[in-house]
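Chemist: What follows is each chain in one-letter form.
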Amino acid sequence: MPPLEAWEKVFIGDQGFLASYHARLGCIACHGGTPQTDDMEAAHQGVVRDPDPQQRCALCHGEIVQAHVNSLHYDLEGFITVLSDRSDAAHWDQLMVAYNNHCTACHATCGQCHVSRPTSTGGGFLAGHVAKGAPPPYLTCTGCHGSRVEDEYKGQNERAEGERYPADVHYNPGGMICEDCHTADEMHGTGTQGDFTHRYDGLATPSCTQEGCHEDVAPGDGIAQHDEIHLQRLQCQVCHSAEYKNCYNCHVQLSEEGTPFFRTDPSQMMVMIGRNPIQNPARPWEFVVLRHVPVARDSFSFYGEDLLPNFDARPTWTYATPHNIQRVTPQNRSCDACHGNEAIFLTEENVAADEREANRGVIVYEVP
Amino acid sequence: MKKTGMLLALGVLALGLFLAGCAAQPEITPAAPPPTPAAVVGPAAVAQAAPAVAVSDRFPLPAPTQEPWIVDSDNCIACHTNQEALQQLAVEPEQESLSEGEG
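From first to last, the protein sequence lines are chains A and B. This note's numbering puts the first residue of the first sequence at 1, with every later residue one more than the last. This note's numbering puts the first residue of the second sequence at 1001, with every later residue one more than the last.
FYI, nobody ran anything at the bench for these hints, they're computed from the structure. A hint or two may mislead.
[Unchecked claim] Taking CB as the label site, the calculated pair distances span:
hint : chain 1 : residue 1 : chain 2 : residue 2 : range
1    : B       : Ile-1077  : A       : Thr-205   : 36 to 46 Å
2    : A       : Asp-221   : B       : Glu-1092  : 50 to 60 Å
3    : A       : Ala-160   : B       : Gln-1083  : 52 to 62 Å
4    : B       : Thr-1081  : A       : Ser-84    : 44 to 54 Å
5    : A       : Arg-49    : B       : Ser-1099  : 21 to 31 Å
If you're wondering where the values come from, they're calculated on a predicted model, not measured in any experiment. Ideal Cβ positions, reconstructed from N, Cα and C, are used throughout, including at glycine.
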C-alpha cells in the first residue's frame, strides 16, 4: 500500500467530507478536543484519535455497532480462544501482558476500516476523512491480512528470482475484491453469524458453491474428479489451492525502550494436506489444506517461563482457506500428482518432532 | 348422588372464599420508589427512541437538531484543510521497526 506522509494522513482535502452528513456533527462531537483556539497543542488537548464505536458511531449506527463489538474483528476473541487452550490460569496474567503488547494492534474499530487505514499500518485518511461505506480493501483489509491473504491473492510471493507464484484466479486488475465474497454482515458479525470465538465457527461462509458462484459443482458436472468421493471427502482447496505461506517460530519481546517487536523464521511456500481438525456438518471434509501458524512453544518466553504449558492442546498445522485458487494446480494435474505423494500430505515426517503431539489429530498416517 | 356431592363441594368453596375475604388485611408499607432513571441527554436519546426500521429507509438522515451537542469545530477544519500548515506542523513518526520476518 502506498505510504502516506504525516500531513497527508490528517489532511481533509476536497474529496467531499465537508459536504457529508458526518461533517455536520463537527470534529469535536466525535474526537473531543478543545474548541476556539488556534494553538495546535491546546486544540488537541483531549483529542481521541479513534472514537469509541459504542460512544459515538452507535448513536446513529446502533444495530451494526451492537453486533460489531462482539465480532472477532473488534473483540479479537480468536486470539483468546487459542491462547486459553494452550495456556492455563497460573500463567494467564503474564500471557495477557504479552497479548496486550503484541496481539491487539489489529483491533478494528469502525474508523479503522471506514475512515482511515488501520492503526497497525500507521493510519491515515482513506479519502480526506470521507466515511467509506465499503472500505477500500487494499488500504484496509490487507493492512492486517497482508502477509498471507494479500500476497497469495495478488500473486506477490516470490517462487524464485524474478518469478512469482500465480495470483488467485478471482483476482485480476478490476477483478473480485474482498467484499465480493466477504459480506458486511460477516465483517460486522451481524445477521445470522452469531458471537464467534474463532474465525472458523459457524457456517462455512463464504462458500465456493454458494448461490451465484460455483453452485453447479456436483457429480456429473463434466469434471471427472468431481465425483461423490472427492467432493465429500475433500475441501475444494485441497485440489485448487496453489502453494501458500506457512510461518514458524514467532517470538515476541520488547526493546530496551519498551517498543514491542517480533521475530519469525523464514516462511515456506507449500501445500500441505491433512486431516480436518474441525470436521463438523458445516465443514464435513475428511481432508483439508493445513497452514502452519507461527506459534512456538516458547513464543512468549520473554514474558515468563512456559507461558503455554498446554501447547499440545491445539495443532500448529491449522485449518486454512488460502486465497490462491487455481483451476489447475500441481496436485491436481494427474492422479499420481496427489495419490501417494507424501510431499503434500502432513505425514509424521513432515511435522517437527517437538510438534508431533500437538498435531496428532491432523497428521495423515496413511497417505491415500 | 353425584349432583348432591358437587353442590356440597361448591358450597364449601364459596364459604371458604367468603371467610377469606373477611380476614384482616396485612399492613402494607410502601417501599421506597425505585430511583428515577437519569435522563439521557443528546443524540443518544434520539437513537434510543428511534423505531426499528430498515436501514435503507433511514436515509437520507435529517440534519441533527440538538445544537448544544454540536461544538464549533471551525478551528479544527481551518487547520486540517490547510495543506501548507499541515506540512509545516505534522511530524513524521519514528518508523524504525525491530521486527524481523513476516507478521
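Chemist: Which numbered hints turn out to be false for this structure?
Modeler: 3
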